[in-house]
Structure formats: structure tokens, C-alpha cells
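Whole structure, please, built from the sequences with the hints as guidance.
Each residue of the sequence shown is one higher than the one before, counting from 1 in the working numbering.
Each hint should be verified, as a subset may be incorrect.
Pairs of lysine-lysine, DSS-like flavour, derived with a Cα cap of 27 angstroms [as the list claims (entries may be wrong)]:
| # | residue 1 | residue 2 |
| --- | --- | --- |
| 1 | Lys-3 | Lys-41 |
| 2 | Lys-82 | Lys-42 |
| 3 | Lys-41 | Lys-5 |
| 4 | Lys-27 | Lys-41 |
| 5 | Lys-5 | Lys-44 |
| 6 | Lys-44 | Lys-27 |
Hint data in this document are derived by calculation from the structure and do not stem from the laboratory.
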Amino acid sequence: MDKEKRMSVIQFLLEGATEILGEETLKERFTEMGNSEIDTKKIKINHITRALRDSPEFVTDLQRRLIELKNLAETLRMPQAKIIENWLEDDCLPCLVERVIDGYSNIYYILIAIDEKIMWPGWGVFGKFNNP
1 MDKEKRMSVI QFLLEGATEI LGEETLKERF TEMGNSEIDT KKIKINHITR
51 ALRDSPEFVT DLQRRLIELK NLAETLRMPQ AKIIENWLED DCLPCLVERV
101 IDGYSNIYYI LIAIDEKIMW PGWGVFGKFN NP
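Dropping the structure here:
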């Protein structure tokens with residue numbers, strides 16, 4: 001990955017991590033890793049991954065959301081439900097972060113299927129009828 005693309009990815013990930021953890025918590029996580037300043041030129045992608053993985057609040061929220069996603073996938077009889085169930089059966093909660101990163105195509109497939117099943121342009125039309 002070229003330097004400009006890397007900086008763009010780092011910036012995007014930092015914005016997401018800041019939104020998820022909050023700026024103070026993210027700074028604390030980076031300080032624990034020896035990066036007291038969040039300098040995009042020095043930060044690596046794995047620093048951001050570690051900051052998320054090492055946050056009990058984030059991992060617990062990820063686990064809860066994966067359970068909800070698995071339940072929806074089961075209802076829709078999607079094979080990806082079993083994959084997520086296997087991830088959740090592992091006792092290593094921080095490992096969920098790596099599993100989701102590595103298996104994101106499974107998550108994406110479920111999200112697209114849900115979107116195709118429930119999102120419909122007609123809903124907006126009804127909303128307009130309700131509140132012209």
C-alpha cells in the first residue's frame with residue numbers, strides 16, 4: 001500500500017476508533033502501547049486493532065452485536081449464522097476482533113441480505129403520506 005493510501009486508511013480507522021471508544025479512551029489505549037501522541041505518521045493499523053481489542057467495553061459491545069446478527073442470520077436461514085456462532089463459542093473475547101476482521105465478508109453478506117429483505121423504497125412513500 002502506498003504512503004498516501006496508508007495515511008487515508010489510518011485516518012479513516014482513527015476516526016472510527018475515536019467514535020467507538022471516545023477520544024480520551026483511545027489516547028489512554030495508545031499511551032499504554034507507548035504512543036502518547038496520536039501521530040498518524042507513526043501509527044500502524046495493528047495499533048488501532050489492539051486499541052479496540054484491548055477495550056473491554058468495545059469487545060462486549062461487539063459480542064452483543066454479533067449475537068444479534070447471528071440471530072437474524074438464523075432467522076433468515078443463512079449459513080453465515082453458524083460461522084458467527086463458532087466465533088462466539090470461543091472463550092477469547094478479544095479474539096472476536098480478529099475473527100470479524102478476517103471473516104468480514106460473512107458479516108457483509110448478512111448485512112446486504114438484511115438490507116435487501118427489509119429496505120424498500122415504498123417505506124419512504126408511506127412516510128411521506130404520514131407527514132407531507
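Given pair status - Lys-42, Lys-82, alpha carbons within 27 angstroms: Cα-Cα ~39 angstroms, so violated.
Restraint check for Lys-44 with Lys-27, where alpha carbons must lie at most 27 angstroms apart: Answer holds: Lys-44 to Lys-27 is near 15 angstroms, not above 27 angstroms.
Restraint status (C-alpha distance of Lys-5 to Lys-44 at most 27 angstroms): 13 angstroms, holds
Pair hint Lys-41 and Lys-5, alpha-carbon separation not exceeding 27 angstroms: The given pair, whose Cα atoms are some 12 angstroms apart, holds under the 27 angstroms limit.
Pair hint outcome, Lys-3 versus Lys-41 [Cα-Cα no greater than 27 angstroms]: 10 angstroms, holds
Hinted pair Lys-27 and Lys-41, Cα distance within 27 angstroms: 16 angstroms, holds
When held up to the earlier numbered hints, the structure conflicts with hint 2 and nothing else.
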